[in-house]
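Asker: Chains as they are written, first to last, in my numbering: chain A, 49 to 350; chain B, 49 to 350.
It should be emphasised that the hints constitute simulated quantities derived from the structure, not laboratory data.
Take these hints with a grain of salt, some might be off.
Note that the list lumps identical chains together, so a pair holds whenever it fits in one copy or between two copies.
Pairs of lysine to any residue, SDA-like flavour, derived with a Cα cap of 20 Å [stated by the list, open to error]: (1) Lys253 to Asp189; (2) Lys159 to Arg93; (3) Lys159 to Val218; (4) Lys159 to Gly99; (5) Lys64 to Tyr94; (6) Lys253 to Pro190; (7) Lys253 to Ser72; (8) Lys301 to Ser84; (9) Lys301 to Asp83; (10) Lys253 to Val218; (11) Lys64 to Thr121; (12) Lys101 to Gly185; (13) Lys101 to Gln65; (14) Lys295 to Ala164.
For clarity, every value in this text was computed on a predicted model and none was experimentally measured.
Number of protein chains: 2
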Amino acid sequence: MALESVPSDTLGAGLKQVQAEIDSVFDAFLTVPDDSRARLVEAMRYAAIGGGKRVRPLLLVSTAELFGVDRTTALRAGAAVEAIHVYSLIHDDLPCMDDDDMRHGKLTLHKAFDEATAVLAGDSLHALAFEILSDTGTSSDPFTRAELIATLATASGKDGMAGGQIMDMVAEDADYDLHTITRLQQLKTGALLAASVEMGAILGKVAPEGRAHLRAYARDIGLAFQIADDLLDLEGDEEKAGKALRKDEGQGKATFVSLMGAKKAREQAHALVDQAVAHLVSHGEEADMLRALARFIVERDR
Amino acid sequence: MALESVPSDTLGAGLKQVQAEIDSVFDAFLTVPDDSRARLVEAMRYAAIGGGKRVRPLLLVSTAELFGVDRTTALRAGAAVEAIHVYSLIHDDLPCMDDDDMRHGKLTLHKAFDEATAVLAGDSLHALAFEILSDTGTSSDPFTRAELIATLATASGKDGMAGGQIMDMVAEDADYDLHTITRLQQLKTGALLAASVEMGAILGKVAPEGRAHLRAYARDIGLAFQIADDLLDLEGDEEKAGKALRKDEGQGKATFVSLMGAKKAREQAHALVDQAVAHLVSHGEEADMLRALARFIVERDR
Numbered sequence: 049m050a051l052e053s054v055p056s057d058t059l060g061a062g063l064k065q066v067q068a069e070i071d072s073v074f075d076a077f078l079t080v081p082d083d084s085r086a087r088l089v090e091a092m093r094y095a096a097i098g099g100g101k102r103v104r105p106l107l108l109v110s111t112a113e114l115f116g117v118d119r120t121t122a123l124r125a126g127a128a129v130e131a132i133h134v135y136s137l138i139h140d141d142l143p144c145m146d147d148d149d150m151r152h153g154k155l156t157l158h159k160a161f162d163e164a165t166a167v168l169a170g171d172s173l174h175a176l177a178f179e180i181l182s183d184t185g186t187s188s189d190p191f192t193r194a195e196l197i198a199t200l201a202t203a204s205g206k207d208g209m210a211g212g213q214i215m216d217m218v219a220e221d222a223d224y225d226l227h228t229i230t231r232l233q234q235l236k237t238g239a240l241l242a243a244s245v246e247m248g249a250i251l252g253k254v255a256p257e258g259r260a261h262l263r264a265y266a267r268d269i270g271l272a273f274q275i276a277d278d279l280l281d282l283e284g285d286e287e288k289a290g291k292a293l294r295k296d297e298g299q300g301k302a303t304f305v306s307l308m309g310a311k312k313a314r315e316q317a318h319a320l321v322d323q324a325v326a327h328l329v330s331h332g333e334e335a336d337m338l339r340a341l342a343r344f345i346v347e348r349d350r
Numbered sequence: 049m050a051l052e053s054v055p056s057d058t059l060g061a062g063l064k065q066v067q068a069e070i071d072s073v074f075d076a077f078l079t080v081p082d083d084s085r086a087r088l089v090e091a092m093r094y095a096a097i098g099g100g101k102r103v104r105p106l107l108l109v110s111t112a113e114l115f116g117v118d119r120t121t122a123l124r125a126g127a128a129v130e131a132i133h134v135y136s137l138i139h140d141d142l143p144c145m146d147d148d149d150m151r152h153g154k155l156t157l158h159k160a161f162d163e164a165t166a167v168l169a170g171d172s173l174h175a176l177a178f179e180i181l182s183d184t185g186t187s188s189d190p191f192t193r194a195e196l197i198a199t200l201a202t203a204s205g206k207d208g209m210a211g212g213q214i215m216d217m218v219a220e221d222a223d224y225d226l227h228t229i230t231r232l233q234q235l236k237t238g239a240l241l242a243a244s245v246e247m248g249a250i251l252g253k254v255a256p257e258g259r260a261h262l263r264a265y266a267r268d269i270g271l272a273f274q275i276a277d278d279l280l281d282l283e284g285d286e287e288k289a290g291k292a293l294r295k296d297e298g299q300g301k302a303t304f305v306s307l308m309g310a311k312k313a314r315e316q317a318h319a320l321v322d323q324a325v326a327h328l329v330s331h332g333e334e335a336d337m338l339r340a341l342a343r344f345i346v347e348r349d350r
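Extracted from the complex, chain A is given alone in its bound form (with noise of 0.2 Å):
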């Protein structure tokens, strides 16, 4: 983790404990079995344990302390946002997709493992994700089960995340617009950001018409990441980003950079979290991990 970009000691802090916390809820649900699946539950632990910076999870978990939520249970539903976040960048890094080598500094999956290995540890990262939300031990309210799963389900398949991937990768032949790459990115890394913070709020039982503040929030910060991301790609440094850069400009690909200019796009994304930061006027400090995040989305170096 590269600190020195850190907005704020709460944030650094807030980051570290999230990512211990995630690592030992993952470490419980992944227990290597005494027979030949071993293989399967190391590869996703390869992946699941002790990489990323954890965004999702701390966006999550500091949306439900708004609500008071028990913070056992919100970790539980992070580790289930962010199983399904590995579970993307483990079929993403595929050599049939990005063929990427590097993730978080060490080999991707398929790298240090095998191909079909990574498949179906992506495979079962995703079917976790469902295996922790649908289980008494998240929350004893099955429709707050039910709310959460529906919630992460949709964000990540056709209309979400993985809409966004495949506009992504026609995005390679096709010439988009900004309104277009705005759908893109608001589908590819927005929706997901935005469930996180909504499975917060449906934890904390707020009701969906008091999580439109909420949802703003989310909306606003989900575009500032993502050119935050283009601009990483741009001008950041590959061994502190732990994976290979200048892979746009290579595929010829439009991005808010090529777009708008890095000048013009940067100035964009100070925009959105300031406008993100704005919709959380209504409450006071309980809210300043998620402000410090919003910062943090934009000045991060990896």
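Position chain B relative to chain A; hints supplied.
Answerer: Leaving out everything else, chain B in the frame of chain A:
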């Protein structure tokens, strides 16, 4: 559909009806959007609609019928199980897995589209299963929704189907005995067949202790199904099967047939079916479809 192998008209009609009904549930959930996600949804439709025997949905619907469950509800749950089955076939057929070119008598998805689209369409069908089950239109009772999801997620992940698949992959190098092959197949094929029966009983609000005989039925037909698959691989007609056969021997894989011989394997499959049917003794003719399905499983030619 090779009707000459169908043991009764009841079953032939039941399969035909459920095939049309499941196609129509998928059709309703898979409207092609008017943007560049169209390619993804078209790929999902290609794989999910108009192929497959629909054994799992018929199992679920026929079990639900024992308890007077509304057919529309049961069909939606059936489509969810089938979405998981279809996604697993898509990923199984990939070059890095079984590398198959034909499925249900047509090109596999990655051959008809491309590998990246096949990975994403599989992932999106995986998510769709949980979108359908968490939808209030499937069941208005959140406890039922959450229980359906817990059952399906566990049956498809590392402790179910995906766990069986990794055991199967490792099997190409390993010397498995009959005990391990049985365990492998209980996970790889049995878990999803058992989940289909279980989900029918969940919809029927049958308490877990009232499901024991149905679980026993499902366990027996699951094993019989796999033995029949092994026999089909050895003796079947590729044209009728709609896929490549004679693969196990080429890969030097341990199977029921390689370990027991074809004659004993066939006897064992028939004995399992008799045993499965015997578990249904407490039910009258309302369980005839489940009995016919058990017979069909060992007599099918695809």
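Asker: Return the numbers of the hints above that this structure violates; sort them in rising order.
Answerer: Of the numbered hints given earlier, those the structure breaks are 7, 10, 12, listed in rising order.
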